[in-house]
Amino acid sequence: SAVISQKPSRDICQRGTSLTIQCQVDSQVTMMFWYRQQPGQSLTLIATANQGSEATYESGFVIDKFPISRPNLTFSTLTVSNMSPEDSSIYLCSVVGQSGTGELFFGEGSRLTVL
Amino acid sequence: GENVEQHPSTLSVQEGDSAVIKCTYSDSASNYFPWYKQELGKRPQLIIDIRSNVGEKKDQRIAVTLNKTAKHFSLHITETQPEDSAVYFCAASISFNKFYFGSGTKLNVKP
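Here the protein sequences line up with chains V and S, keeping their order.
Heads up, this note's numbering is the position in the first sequence plus 9, with the first residue counted as 1.
Heads up, this note's numbering is the position in the second sequence plus 961, with the first residue counted as 1.
Since the hints were made in silico from the structure, they are not lab data.
In this text, a Cβ means the ideal position worked out from N, Cα and C, and glycines have one as well.
Incorrect hints may have been included.
Listed below are several chain S residues computed to face chain V (Cβ distance under 8 angstroms; list not exhaustive) [claimed, not checked]: (1) G962; (2) F1057; (3) F1062; (4) G1065.
Construct the complete structure from the given sequences, taking the supplied hints into account.
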C-alpha cells in the first residue's frame, strides 16, 4: 500500500491568488498523478509528475495554470495559479502502490474554495 | 487520452437486489480496469479490478466482467446492503501509466 499525505486539507482563497498543494508519499514512487474532482463530478487527470523531468499535462490543462514540481521520489507539489471561482474543487494526489498490483492510492484531497 | 463512459449516473435499488454498472472505453491498448468506491467526503478506494487477460473476476458479492472486443466492462454487486450506498467509478489504464475515470454512478440502496 501507499500512505499519502496532502496539505492543506482545505483552504479558502481570493480570486487572482495562487495556492500550492503538497503531496508526501511514504515510499518512493516513479509517477505521481494529480486529479481534480469538482463537486459531484468525476476524477479528471490534470497531469503526471515524474521525478527528474517535466510533468505531462492532459488536454485542457497547462503548465502556466497548474505548475508542478517533483523534486524527489516521495514528494510533489501542484500550484493552482491566478485562481478564479471555477477552480473551486478538490485536488487529489495519487500514486500506484509498489506491490505490483496496479492499485492507485489517493491522498485525502485538498478542498479549495475560491471567492 | 482514453475516454471512459459510465452508465447509469444514478442507481437506486432495494436492499438485497443486484446492481449493475457499465463502462466503455475507447483505447484498445488499455489493459487494466479498476473500480473505485467513494463514500461522501472520503477518498476513492479500490474495490475490485480486472486485467485484460481475464474475462471475469469475483470477490464475494462483487464481480467484474470484461469484453475486450466490445471494449466494455461491468461491475455487478449482488445482495446489496445499505453500506454499499456510495459513488462508484470505473477506470481504464494502460499498464498503470495513467488512469482515466468514468463519470461515476451514485448507488442508493434502500433498506
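Status of the hints after comparison with the structure:
no.	hint	verdict
1	G962	holds (6 angstroms)
2	F1057	holds (5 angstroms)
3	F1062	holds (4 angstroms)
4	G1065	holds (5 angstroms)
In this structure, none of the earlier numbered hints is contradicted; all agree with it.
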